[in-house]
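There are 2 protein chains.
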Amino acid sequence: MANDPAIILVRPQIGENIGAAARVMLNFGLTDLRIIAPRDGWPNEKATNMAKKAVSVIENAKIYDNLTDACHDITKLYATSARQRYMIKPEFSAKHCIEDIINFGESNKSAIMFGQENNGLSNEDINLADAIVTIDVAPIYSSINLAQAVAIICYECYINNNKQNIEDSKTRLGNAKLANKQELAGLMKHLSEELDQTNFFQEASKHKKMLININNIFARANLTDQEIRTLHGVISALKK
Amino acid sequence: MANDPAIILVRPQIGENIGAAARVMLNFGLTDLRIIAPRDGWPNEKATNMAKKAVSVIENAKIYDNLTDACHDITKLYATSARQRYMIKPEFSAKHCIEDIINFGESNKSAIMFGQENNGLSNEDINLADAIVTIDVAPIYSSINLAQAVAIICYECYINNNKQNIEDSKTRLGNAKLANKQELAGLMKHLSEELDQTNFFQEASKHKKMLININNIFARANLTDQEIRTLHGVISALKK
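Going down the list, the protein sequences come from chains C and U. Using this note's numbering, the letters of the first sequence correspond one by one to residues 2 to 241. Using this note's numbering, the letters of the second sequence correspond one by one to residues 2 to 241.
I should point out that these hints are in silico values taken from the structure, not numbers from a laboratory.
Identical chains blur together in the list; that is why a pair holds if it fits in one copy or across any two.
Dumping the calculated DSS-like pairs for lysine-lysine here, alpha-carbon to alpha-carbon at most 25 Å:
#1 K207 to K190
#2 K209 to K190
#3 K178 to K90
#4 K171 to K90
#5 K96 to K171
#6 K164 to K96
#7 K171 to K110
#8 K90 to K182
#9 K171 to K77
#10 K240 to K209
#11 K164 to K90
#12 K63 to K47
#13 K63 to K77
#14 K190 to K241
Model the full assembly from the supplied sequences, consistent with the hints where possible.
What follows is the structure in structure tokens.
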């Protein structure tokens with residue numbers, strides 16, 4: 002998508018985290034990775050190995066000395082931060098950050114930056130940003146792994162940019178088709194008749210209520226016509 | 002939260018993934034980790050190291066031989082799967098899965114299970130599940146790291162269970178207060194008067210339009226009263 006942000010890792014320390022970030026970027030369709038002063042130099046074999054099939058993101062990553070250079074074409078910059086900063090700046094949730102990027106439209110080139118593993122972004126880094134992005138975490142342990150933080154942001158980016166293609170829920174039927182209500186009623190009639198010949202319905206007064214309960218179990222099960230035939234067979238077999 | 006699902010890792014292979022999963026679980030307030038037949042045995046030092054300060058989740062993890070035992074108290078089981086399965090079963094997005102868990106209420110004990118790194122859950126595992134959960138990923142590279150998949154699910158769990166406490170956007174002012182419109186007008190008047198004494202407004206016809214444009218820059222900036230005073234100082238200093 003033209004709205005896709007660049008991901009900027011500022012002074013990352015651990016190669017595996019860079020690789021894991023690259024992999025999850027591609028999982029969610031992002032490819033523009035920029036890295037500022039990686040501690041262990043570049044290229045980094047651990048990053049490449051951890052990226053698995055997203056090695057193209059690693060190979061195309063751009064390395065910079067400083068944040069200003071990395072942002073030469075960036076018009077909206079978001080700084081991820083867990084700690085409260087004494088700087089007056091809008092703070093967005095991950096979802097709201099992506100909505101803000103989409104809101105500014107395709108002529109805007111945005112980036113989301115992440116600080117180093119042990120103490121995050123510096124105040125100087127954050128000063129350049131339009132807004133702070135905070136991933137909502139539980140107070141019990143708020144320190145999230147760098148690549149996991151990248152994952153959450155990339156995930157929000159993907160689902161908000163692809164809302165029209167994403168279904169909250171579906172059931173794949175393939176070549177199967179759901180049984181119609183007459184087929185379901187036929188199964189219930191078969192079961193009821195067979196049970197009538199046993200002493201299952203001990204009290205006549207409960208006969209109707211019991212049948213309604215049993216009917217409801219199968220009504221809820223989204224049975225296919227094939228499954229209805231299977232259950233007819235099960236009832237007949239049990240009866241023998 | 003009473004609605005919090007257990008996380009079940011089925012035959013995980015890599016200790017670091019188990020540890021990263023435990024860490025991100027606690028980041029999002031989840032603590033019930035169950036592991037079925039971890040390849041490298043248990044305890045696993047790599048898992049413990051990777052969990053960082055979520056070592057309690059690792060220490061309290063329960064190890065099982067098989068899925069049925071792990072689900073002894075589970076009433077709703079969700080299977081994460083990327084591949085299409087030839088089984089007729091509801092498929093939910095990550096968000097919808099959590100909504101389903103919340104929908105079934107606190108008397109329900111749910112679990113979300115994740116398969117092994119190289120080929121996911123078996124059809125036998127999935128057969129026991131109420132529904133399949135699919136994390137929406139880009140077609141270009143759909144294979145998501147195990148701990149990253151756990152992260153997305155735990156994140157959705159946290160934000161959907163804490164909607165009332167999560168703000169999409171806020172600006173922390175601390176002890177600062179925003180400038181009122183009179184203070185802003187005062188700054189614009191100061192700037193305009195100083196500029197009138199220069200040849201900045203070369204054409205009289207553009208004077209008003211230019212002032213409106215400049216005013217708009219500062220009107221958009223959410224200036225505090227302290228920042229207004231700073232800008233008065235900047236204008237005076239430039240003039241000298």
